[in-house]
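Chain by chain, the residues:
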Amino acid sequence: MIDRISLGNLNQLQKINQIGNNSESKTQQISFSDTLKQALDQVNQLEKQSSHMGELLAAGNIDNLHDVLIAGQKASVAVELTVQVRNKVVEAYQEVMRMQV
Amino acid sequence: MFKGMDISGSALTAQRLRMDIITSNIANAESTRAKIVNGEIVPYRRKLAVFEPAKQSFQVTLKNAMNGQAGVGVKVTKIVEDQSPWKLVYNPDHPDAIKDINSPQYGYVRMPNVDMATEMVDFISATRAYEANVTALNSHKAMAMKALEIGR
Amino acid sequence: MKIFDNSSFVSVHKALDAAQLRQQVISNNIANATTPGFKKSSVKFEEYLKNELNNKGISGYRTNSLHIPIGSSRLQDLSPKVVVHQDSAINNNLNNVDIEAEMTNLAKNQILYDALIQNISGKFQKLKTVIGGGR
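Residue numbers (the working numbering), protein chains in the order written: chain Z, 5 to 105; chain G, 29 to 180; chain P, 831 to 965.
Derived from the structure by calculation, the hints contain no laboratory data. This one's a predicted model, so the numbers in the text were calculated from it and none came from an experiment. Treat the hints with care, as some may be off.
To be verified - SDA-like mimics (lysine to any residue), calculated; alpha carbons at most 20 Å apart, straight line:
id	chain 1	residue 1	chain 2	residue 2
1	G	103	P	925
2	G	169	P	935
3	P	832	Z	69
4	P	869	G	145
5	Z	92	P	961
6	G	75	G	174
7	P	832	Z	43
8	G	174	P	945
9	G	103	P	876
10	G	106	P	866
11	G	169	Z	69
12	P	938	Z	43
13	G	103	G	155
14	G	127	G	45
15	G	63	G	169
16	P	958	P	842
17	P	869	G	84
18	P	832	P	917
19	Z	92	P	917
20	P	911	P	876
21	G	115	G	155
22	P	874	P	917
23	P	874	G	75
Unchecked claim - In silico negatives: residues of chain Z with every beta carbon more than 12 Å from chain P:
id	residue
24	34
25	41
26	58
To be verified - Across the chosen pairs, the derived CB separations fall in these ranges:
id	chain 1	residue 1	chain 2	residue 2	range
27	P	835	Z	101	56 to 62 Å
28	P	915	Z	34	31 to 37 Å
29	Z	33	P	955	52 to 58 Å
30	G	146	Z	60	34 to 40 Å
The beta carbon of each residue, even a glycine, is placed where N, CA and C say it ideally should be.
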């Protein structure tokens, strides 16, 4: 009888385990480094586009002057955002390292 | 990038040429011996400028084919002579008066077909068009300068 | 980057493109104000933008973003159109450019362009202020 009770519990435990496993397999495992890499790629993209606009401007191939300036501002804002985020992360790391254990 | 300024610039050139032609007409309003045609001396004929929209290159046309094109301004394609008849002024003592007694125009001098009133009206019209295009050019410049202030 | 993809940013940028094109079209009309047989053109954009922002248009569903859009489409695909006015009132030499109207449109368009530039400039300033932490 004891065996049957423990078996019943075991089955329930297994069911809960399976549910847990299913939900884990549905959520994607995105690591922090992937997110960081994506963000840096986007910033790089904006910067390349701004440089390209600058080349076109120098060669005289631009139709709309405001396109060049808007691309430049977008790249500038993106780079500044990245730098500030980096500063904050470094600051947070240093804060953590300063903690007395 | 400076396409708008090029358009206004082409119009300024065309109107300036038109003004030059008008002043030439006014200056020559009394020239009875302008050139020799078929061995005969003929008076000055009034000149006109023919305006046409300027043509753009095929590449630009193709590029703008989907959304329509802005056009590239105006050009004077040719200068033609007005073929309306000479003005006849009775002046038998003039060296160029018609000396053929049998002609119904005996004693008349053929004067250039330049009418002062028409020329002055054309001149004013050309001046007004010139000023309008200068305003358009200034507005282009102001827009470009304003665009340079993004983010400042 | 997603901070630059919101509808306000994209529509102001596109309106700037349309205003620049309109300035060229109006200049061309003024330049050809005395050319015989010339028909004036104008730029249509604001109606398309209004329809898109109010979601009034019917648009075809595309399975691939490279397909040509049908009807009104996403904000990204809007572009200004130049239309030629073939049937306005004309004067003796078949030219239908009304120079006073064109000069008025020139002034209006310039002011519109300036206002849009101010708007976009302000957006960038705000982003920079926020990123800088208000210091």
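A quick look at each hint next to the structure:
1. For a cut-off of 20 Å, the pair hint linking residue 103 of chain G to residue 925 of chain P stands: about 16 Å separates their Cα positions.
2. A threshold of 20 Å between alpha carbons decides the hint, and for residue 169 of chain G with residue 935 of chain P the separation of about 16 Å falls inside it, so the pair holds.
3. Among the hinted pairs, residue 832 of chain P with residue 69 of chain Z is inconsistent with the structure: their alpha-carbon atoms are about 23 Å apart, more than 20 Å.
4. Between residue 869 of chain P and residue 145 of chain G the CA atoms are separated by roughly 29 Å; this puts the pair beyond 20 Å, and the hint is violated.
5. Restraint check for residue 92 of chain Z and residue 961 of chain P: the C-alpha separation of about 11 Å stays at or below 20 Å, so the hint holds.
6. Between the alpha carbons of residue 75 of chain G and residue 174 of chain G the distance comes to roughly 43 Å, so the proposed pair goes past 20 Å and is violated.
7. Only pairs whose Cα atoms come within 20 Å are accepted, and residue 832 of chain P paired with residue 43 of chain Z is accepted, the gap being roughly 10 Å.
8. Proximity of residue 174 of chain G to residue 945 of chain P is assessed by CA-CA distance (about 10 Å); at most 20 Å being required, the pair is judged to hold.
9. Distance restraint check for residue 103 of chain G and residue 876 of chain P: the Cα-Cα separation of roughly 32 Å exceeds the 20 Å cut-off, and the hinted pair is therefore not satisfied.
10. Restraint check for residue 106 of chain G and residue 866 of chain P: the C-alpha separation of about 14 Å stays at or below 20 Å, so the hint holds.
11. Proposed proximity of residue 169 of chain G and residue 69 of chain Z is supported: the alpha carbons are some 12 Å apart, at most 20 Å.
12. Note on residue 938 of chain P and residue 43 of chain Z: the hinted pairing is violated, with a Cα-Cα distance of about 41 Å set against a maximum of 20 Å.
13. At roughly 17 Å between alpha-carbon atoms, residue 103 of chain G and residue 155 of chain G fall within 20 Å of each other, so this suggested pair holds.
14. Between the alpha carbons of residue 127 of chain G and residue 45 of chain G the distance comes to roughly 38 Å, so the proposed pair goes past 20 Å and is violated.
15. Among the hinted pairs, residue 63 of chain G with residue 169 of chain G is inconsistent with the structure: their alpha-carbon atoms are about 46 Å apart, more than 20 Å.
16. Of the pairs offered as hints, the one joining residue 958 of chain P and residue 842 of chain P holds, with about 19 Å between alpha carbons and a cut-off of 20 Å not exceeded.
17. With a CA separation close to 17 Å, the supplied pair residue 869 of chain P and residue 84 of chain G stays within the 20 Å bound.
18. Distance check on the hinted pair: residue 832 of chain P and residue 917 of chain P sit about 45 Å apart at the alpha-carbon level, beyond 20 Å; violated.
19. Annotation: proposed proximity of residue 92 of chain Z to residue 917 of chain P is violated, straight-line Cα distance about 64 Å (limit 20 Å).
20. With a C-alpha separation of about 10 Å, the suggested pair residue 911 of chain P and residue 876 of chain P falls inside the 20 Å cut-off, and the hint holds.
21. In summary, the hint linking residue 115 of chain G to residue 155 of chain G is not supported, as the alpha carbons are separated by about 27 Å, beyond the 20 Å threshold.
22. Proposed proximity of residue 874 of chain P and residue 917 of chain P is supported: the alpha carbons are some 17 Å apart, at most 20 Å.
23. With a C-alpha separation of about 40 Å, the suggested pairing of residue 874 of chain P with residue 75 of chain G is violated against the 20 Å cut-off.
24. Look at residue 34 of chain Z: its CB is around 16 Å from the nearest CB on chain P, clear of 12 Å, so calling it non-interface holds up.
25. Against the 12 Å criterion, residue 41 of chain Z stays outside the reach of chain P, whose nearest CB is about 14 Å from its own CB.
26. Under the 12 Å C-beta cut-off, the non-interface status given to residue 58 of chain Z relative to chain P holds; the minimum distance is some 18 Å.
27. A hinted range of 56 to 62 Å is violated for the C-beta pair residue 835 of chain P and residue 101 of chain Z, which are about 37 Å apart.
28. As the Cβ distance of residue 915 of chain P to residue 34 of chain Z is approximately 55 Å, the hint placing it in 31 to 37 Å is violated.
29. The beta-carbon spacing between residue 33 of chain Z and residue 955 of chain P, approximately 39 Å, falls outside the hinted interval of 52 to 58 Å.
30. Residue 146 of chain G and residue 60 of chain Z have their C-beta atoms about 49 Å apart, which leaves the hinted 34 to 40 Å range violated.
Hint violations for this structure: numbers 3, 4, 6, 9, 12, 14, 15, 18, 19, 21, 23, 27, 28, 29, 30, all remaining hints satisfied.
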